[in-house]
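There are 2 protein chains.
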Amino acid sequence: MAAVRVLVNGAPADTLSVADRGVAYGDGLFETIRFVHGLAPLWARHQQRLQDGCRRLGIPAPDAEQCLREAAAVSAGWDHAVVRITLTRGVGPRGYAPPASPQPTRIVAAFEAPAMHGDSYLQGIRVRWCETRLGLQPLLAGMKHLNRLEQVLARAEWSEAAIPEGLLLDLDGNVISATMANLFAVIDGTLVTPSVERCGVAGVARAEVLSARPDAQVTTLRPDQLQHAREVFLTSGVRGILPVQAVGDTVYGPGPVTRAMQRHWCGLGFPMEQA
Amino acid sequence: MAAVRVLVNGAPADTLSVADRGVAYGDGLFETIRFVHGLAPLWARHQQRLQDGCRRLGIPAPDAEQCLREAAAVSAGWDHAVVRITLTRGVGPRGYAPPASPQPTRIVAAFEAPAMHGDSYLQGIRVRWCETRLGLQPLLAGMKHLNRLEQVLARAEWSEAAIPEGLLLDLDGNVISATMANLFAVIDGTLVTPSVERCGVAGVARAEVLSARPDAQVTTLRPDQLQHAREVFLTSGVRGILPVQAVGDTVYGPGPVTRAMQRHWCGLGFPMEQA
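Line order of the protein sequences matches chains A and B.
In case it helps, this note's numbering puts the first sequence at residues 1 to 275.
In case it helps, this note's numbering puts the second sequence at residues 1 to 275.
Where hints are given, some of them may not hold.
To list a few chain A residues with every Cβ distance to chain B over 10 Å, as calculated [stated by the list, open to error]:
id: 1; residue: ARG21
id: 2; residue: CYS54
id: 3; residue: ALA76
id: 4; residue: PRO98
id: 5; residue: ALA100
id: 6; residue: ASP119
id: 7; residue: GLU197
id: 8; residue: ASP224
id: 9; residue: HIS264
id: 10; residue: CYS266
id: 11; residue: GLY267
id: 12; residue: GLY269
To give an idea of the chain B side of the interface with chain A (calculated C-beta under 8 Å), a few residues [said to hold, decoys possible]:
id: 13; residue: ASN9
id: 14; residue: ASP14
id: 15; residue: LEU16
id: 16; residue: GLY22
id: 17; residue: TRP78
id: 18; residue: THR86
id: 19; residue: ARG94
id: 20; residue: ALA109
id: 21; residue: PHE111
id: 22; residue: ALA156
id: 23; residue: VAL218
id: 24; residue: VAL251
To be clear, the hints were calculated from the coordinates, so they are not data collected in a lab.
Don't be surprised by glycine CBs; every beta carbon is placed ideally from N, CA and C.
With the hints as extra help, turn the sequences into a complete structure.
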């Protein structure tokens with residue numbers, strides 16, 4: 001799963017400056033975008049989030065057409081690819097103060113899409129509770145920025161291959177998301193997903209579900225509420241709609257809401273398997 | 001103030017892999033170390049913090065002797081230098097899960113020490129209140145890790161050269177620190193500094209002050225308490241002991257506690273000026 005093709009500011013390269021603010025301070029954003037036969041069904045949502053993040057961080061936004069050309073170039077020839085676009089504030093002098101006229105660094109890298117078993121989509125996946133809790137920071141919440149130590153620490157808690165994901169609470173004990181996916185649940189007949197106003201990432205797949213299901217509610221979600229859900233599923237721009245079979249000892253069955261959203265995903269152009 | 005000499009894993013280089021987890025996730029730590037005529041008076045404290053951070057993040061700690069040799073090599077010939085040591089979890093596959101056997105990337109870079117006017121040390125500096133608030137995350141608090149977007153956003157709030165620093169509150173409204181320095185105040189005859197258990201960085205200069213003044217108290221500090229302080233000063237491993245002349249409209253005078261700590265700093269081997 002190593003990156004085999006990378007463009008840095010449009011040119012083939014596999015390195016960047018040690019003085020880049022991306023490595024110095026995590027001063028930047030990224031998107032990981034699923035391509036299927038050369039097309040990225042959620043491209044517009046990825047671009048929207050990237051532009052929003054640039055606006056919030058004060059980083060000049062990249063040209064969307066240029067990003068798409070480069071993403072297509074690095075993923076060309078692969079039926080299933082993941083393209084990571086990383087945008088940093090670029091090289092700068094030492095110190096937190098951003099350069100007055102930043103020259104962002106744009107890294108566009110293609111990876112083979114992760115192999116997922118069909119069973120994951122049919123029967124669902126087992127997930128665990130993480131001990132790592134998400135800190136609260138409304139200024140950064142929702143963005144897919146490069147400050148991801150919380151996710152690294154959470155994902156470092158376990159290594160069993162049979163458990164592909166873990167759920168995260170925030171410091172107040174509310175359920176927020178998985179380490180690399182958002183979470184939806186059907187509770188008392190209502191489709192709900194946690195707010196990402198104080199922590200967490202506003203996933204593009206989450207946005208797609210919210211758009212397809214305007215009756216869904218963005219809310220606070222306590223662990224005991226989740227325990228009584230009829231259905232639980234995870235959403236990821238890369239992996240799609242993943243039914244949750246069990247959270248720890250609590251067992252769920254993929255239900256009609258999950259199945260309908262999986263069909264919606266197929267309709268967007270994502271295959272159900274090898275997703 | 002550009003880095004003119006850099007070693008990456010011991011070899012002269014000015015780039016690192018785009019697949020480094022330092023840029024992908026801010027997955028690493030750093031130290032900025034003041035060297036005076038080839039010596040770093042706070043070296044042991046920097047090394048201790050780096051080792052502590054490695055333990056907390058699960059990154060193999062670098063060899064301290066090797067770090068010192070490399071720091072001495074890149075700063076050789078400069079009377080006043082700042083050496084930044086950046087340690088990342090190294091190159092890894094895509095995804096938050098840390099490699100089972102990480103090969104850290106060690107970047108050792110020398111910079112000219114920032115020029116500071118003697119006036120800053122004699123009369124003190126003017127600082128402002130930042131609107132950016134520090135989020136709460138005990139798992140990361142205290143460490144000098146590479147997830148520094150909060151400091152970048154805070155430092156981006158102003159550009160007046162006459163105001164070298166800004167003070168940060170946390171989400172609960174407690175005073176924590178400046179953007180790149182810790183804060184001490186003399187209140188009702190007691191030397192106090194905010195706790196960095198939930199956010200903020202445990203500065204090496206802060207540790208030195210706490211060691212020199214075992215009567216100092218680590219506490220919560222409200223803005224209104226700070227307003228009634230007799231003395232306020234900032235501490236930085238790079239810049240030393242900086243009296244605060246004013247926070248916004250509130251004026252302070254450098255007092256005996258600040259002066260005694262400045263003398264202590266000179267005794268460590270730091271010059272008062274060109275600090």
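Do the hints match the structure? See the list:
Non-interface call for A:ARG21 relative to chain B: violated, since the shortest CB-CB distance, roughly 8 Å, does not exceed 10 Å. Consistency note on A:CYS54: stated as away from chain B, and its beta-carbon is indeed over 10 Å from all of that chain's, at 13 Å minimum. With a least beta-carbon separation of about 19 Å from chain B, A:ALA76 lies farther than 10 Å from that chain, consistent with its non-interface assignment. Not every CB of chain B lies more than 10 Å from the CB of A:PRO98, the least distance being 5 Å, so the non-interface label is violated.
Against the 10 Å criterion, A:ALA100 falls within the reach of chain B, whose nearest CB is about 7 Å from its own CB. Here A:ASP119 stays apart from chain B, with its beta-carbon at least about 20 Å from theirs, past the 10 Å limit. Distance check on A:GLU197: its Cβ is at least 13 Å (rounded) from any Cβ of chain B, clearing the 10 Å threshold; non-interface status holds. Against the 10 Å criterion, A:ASP224 stays outside the reach of chain B, whose nearest CB is about 23 Å from its own CB.
No Cβ of chain B comes within 10 Å of the Cβ of A:HIS264; the nearest lies about 26 Å off, and the non-interface call holds. For A:CYS266, the requirement that its beta carbon stay farther than 10 Å from each beta carbon of chain B is met, with the minimum near 25 Å. The non-interface label for A:GLY267 is consistent with chain B: the shortest C-beta to C-beta separation is roughly 27 Å, beyond 10 Å. At roughly 22 Å, the least C-beta separation between A:GLY269 and chain B is larger than 10 Å, which holds for a residue marked as non-interface.
Of the supplied interface hints, the one on B:ASN9 is violated, with its beta-carbon coming no nearer than about 11 Å to a beta-carbon of chain A, more than 8 Å. With a least beta-carbon distance of about 6 Å to chain A, the hint placing B:ASP14 at the interface is held under the 8 Å criterion. Against a cut-off of 8 Å between C-beta atoms, the interface hint on B:LEU16 holds, since the closest Cβ of chain A lies about 5 Å away. This hint holds: B:GLY22 has a C-beta 4 Å from the nearest C-beta of chain A, less than the 8 Å allowed.
The beta carbon of B:TRP78 is not positioned within 8 Å of any beta carbon in chain A (closest approach about 14 Å), and the interface hint is therefore violated. Contact between B:THR86 and chain A, as hinted, is supported at the beta carbon level, the nearest pair being about 7 Å apart and thus within 8 Å. A cut of 8 Å between beta carbons decides the hint on B:ARG94: the least distance to chain A is about 5 Å, and the hint holds. At its closest, the beta carbon of B:ALA109 sits 7 Å from a beta carbon of chain A; the interface hint therefore holds under the 8 Å criterion.
Checking B:PHE111 against chain A: minimum C-beta separation of about 5 Å stays under 8 Å; hint holds. The closest approach between the C-beta of B:ALA156 and any C-beta of chain A is roughly 5 Å, which is under the 8 Å cut-off, so the hint is satisfied. At about 20 Å, the closest approach between the beta carbon of B:VAL218 and any beta carbon in chain A exceeds 8 Å, and the interface hint on this residue is violated. For B:VAL251, the suggested interface contact is broken, since its CB lies about 25 Å from the closest CB of chain A, more than 8 Å.
Of the numbered hints stated above, those contradicted by the structure are hints 1, 4, 5, 13, 17, 23, 24, listed in ascending order.
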